[in-house]
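2 protein chains.
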Amino acid sequence: MGRVVVIGGGPAGLAAATSAAELGADVVLVEQESFLGGTPIREHYASITPKMESAEEAIGRRVAAVEAHPRIEVLTGSRVTALRGEVGSFQLQVEGPKSQELRCGAVVVATGFQHFDPGRETQMYGYYEFPDVLALQDLEAMLKAGQVVRPSNGQPPRRLCFIQCVGSRDRRIGNEYCSKVCCGVASKEAIEVREQLPDCEVFIFYIDMRMYGYWESQIYWPAQEKHHVQYVKGIVSEVLPKGDQLLVRGEDTTLGRPMELTMDMVVLSVGMEPSPGTREMARVLGIAQNKYGFIEAADPPLDTVSTSRPGIFAAGAALGPADLEDSVSTGAAAGSRAVVAAASQPVVTG
Amino acid sequence: MGRVVVIGGGPAGLAAATSAAELGADVVLVEQESFLGGTPIREHYASITPKMESAEEAIGRRVAAVEAHPRIEVLTGSRVTALRGEVGSFQLQVEGPKSQELRCGAVVVATGFQHFDPGRETQMYGYYEFPDVLALQDLEAMLKAGQVVRPSNGQPPRRLCFIQCVGSRDRRIGNEYCSKVCCGVASKEAIEVREQLPDCEVFIFYIDMRMYGYWESQIYWPAQEKHHVQYVKGIVSEVLPKGDQLLVRGEDTTLGRPMELTMDMVVLSVGMEPSPGTREMARVLGIAQNKYGFIEAADPPLDTVSTSRPGIFAAGAALGPADLEDSVSTGAAAGSRAVVAAASQPVVTG
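For the record, the sequence lines run as chains A and B. For the first sequence, UniProt numbering begins at 1 and goes up steadily by one. For the second sequence, UniProt numbering begins at 1 and goes up steadily by one.
One chain only, chain A, in its complex shape (with noise of 0.2 Å):
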């Protein structure tokens, strides 16, 4: 059975590795960091749902098996620098500890996405002017260590505010996609936040509220009815300051009126844009993006994981906005055809 290599070792790495070991295939997993786990671990994220279980403790679990698994072997501190040959018999270039170049028949790209850099915004937010407007991963970093303070003075926040679609649906910075997992994440941090400081008001200003499926009832309707988060459908045009606090000024799209508001603490649930490993991957290897630079899937809907080179398959955030389900679906899919393509005959050339 030939080879699979897997390019990054998140929560779809993870997934797409365990996959194709467990089919019986040699596995390389190639990470550019020092360690397994991704943007969650890396970001330091809290919990995760609908368990609320620690971040840290269910991906540690993937990772333990990963790492103990005898037909996987983990190269990290590594990058892909090259590919040659066609599906059924690759040869990729590996630079790090052990550079090398590696035979295998498939390669799966879990290579994810990088938080939008709220610097980059076009509305006025302020992320590097104030100390106390944050982005949904310093908020996780915080609730993860039980220490949600204002970076200003140290002190609890006792009004907080998140501001939905900070680098999504946007045209002007040229990110039209929603990214999909925000409003489910900010509302899962304004429910943290309301449990470690039941005197914090938390508000979250949205566009549309995109809970799908069973979000909903797992987290939307508890942040209103049991945490009282307040959910206020409005605009939000600058974040200024204000004494030692910050005024957030929009408008009330359901009032129909402006909004000028004080908080302590303003968090920017920023969204996706694909990881700079995501970007060269698809350099290195060949395979074509969007126009946001995410890998493209080759034949959507029915086929979620094929891109557009035979024998290379992508999985979770690399082709796009993605929550954990779909990183993990995604990457069980590829792993699985990854293994089947690997054991393909190469293609005669030359």
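If you're looking for bench data, these hints aren't it; they were derived computationally from the structure.
The list treats identical chains as interchangeable, and a pair is accepted whether it falls inside one copy or across any two copies.
With a cut-off of at most 30 Å between alpha-carbon atoms, the simulated DSBU-like pairs for lysine-lysine come out as follows:
| hint | residue 1 | residue 2 |
| --- | --- | --- |
| 1 | K51 | K291 |
| 2 | K291 | K226 |
| 3 | K233 | K144 |
Chain A is fixed; fit chain B onto it per the hints.
Frame of chain A, contents of chain B only:
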């Protein structure tokens, strides 16, 4: 390698069967209908996003691949009525034209959803009273036939509206969840109506437009900008007859005032409920359901296809609201997991 039985021949079941067979397993696909393809075929869906390809053709290619696969046996007009044994060594009773006890190592349940019955709604939309009140799937069939006409008089409508969240996000009927796809499907159908009937005005009354991920740029923006579909954030409380038309009454949430609009045709965006087959298979196979009757994923979010019983996996809308991409990803993942489980040693019992 142990045999895998897949129950249900819709998009998820087709993906599961293909995945398992390509990995070398012998697969039996059990389908209660006389044909494969599932709800999109039975209900005559028109086209599927993002390429607006004919559903019949796109799904037909998957059906043809399954029917032609040497390792897949298809049993149509058949139902599973009993299960004995354990993972690696199940005996499954199948009733149909070829009634038999099937030995298999693992099972994939892909028994899907049914459209919410709008006669069970608590709001007064008159689905069974007024001929020009339709449901999403009724309009799909009209679009597929290229014959969008008012059932009452056979004339093309000049004003048509969609009412979102019929049977979803509704605690009174016990469906608190969001059905995930209806915003996208209604918007797709709205575009198709505008293409087939350029003189017909089209409105969509919604709570939140849940156009997650690429649907935002692929469907929602073109619907508004290119096809001039009119989105109105509002709650419709009732549909009444008005001469030979329909009066839609409710509240425009953005304008904060009551609205009354006259329509020729009203389309109810009905949500997803577990199909009778999903409820029945949960009982026959002895796997846990959630409170809505969908099959409960045993360990979300990092395992999307395991059920409460080892060796039984689930995929697609049997697990809850799912789009086509969800269905094929979980289908392929479940097929692959089933192959691994089927090869496991049977548990020694009794």
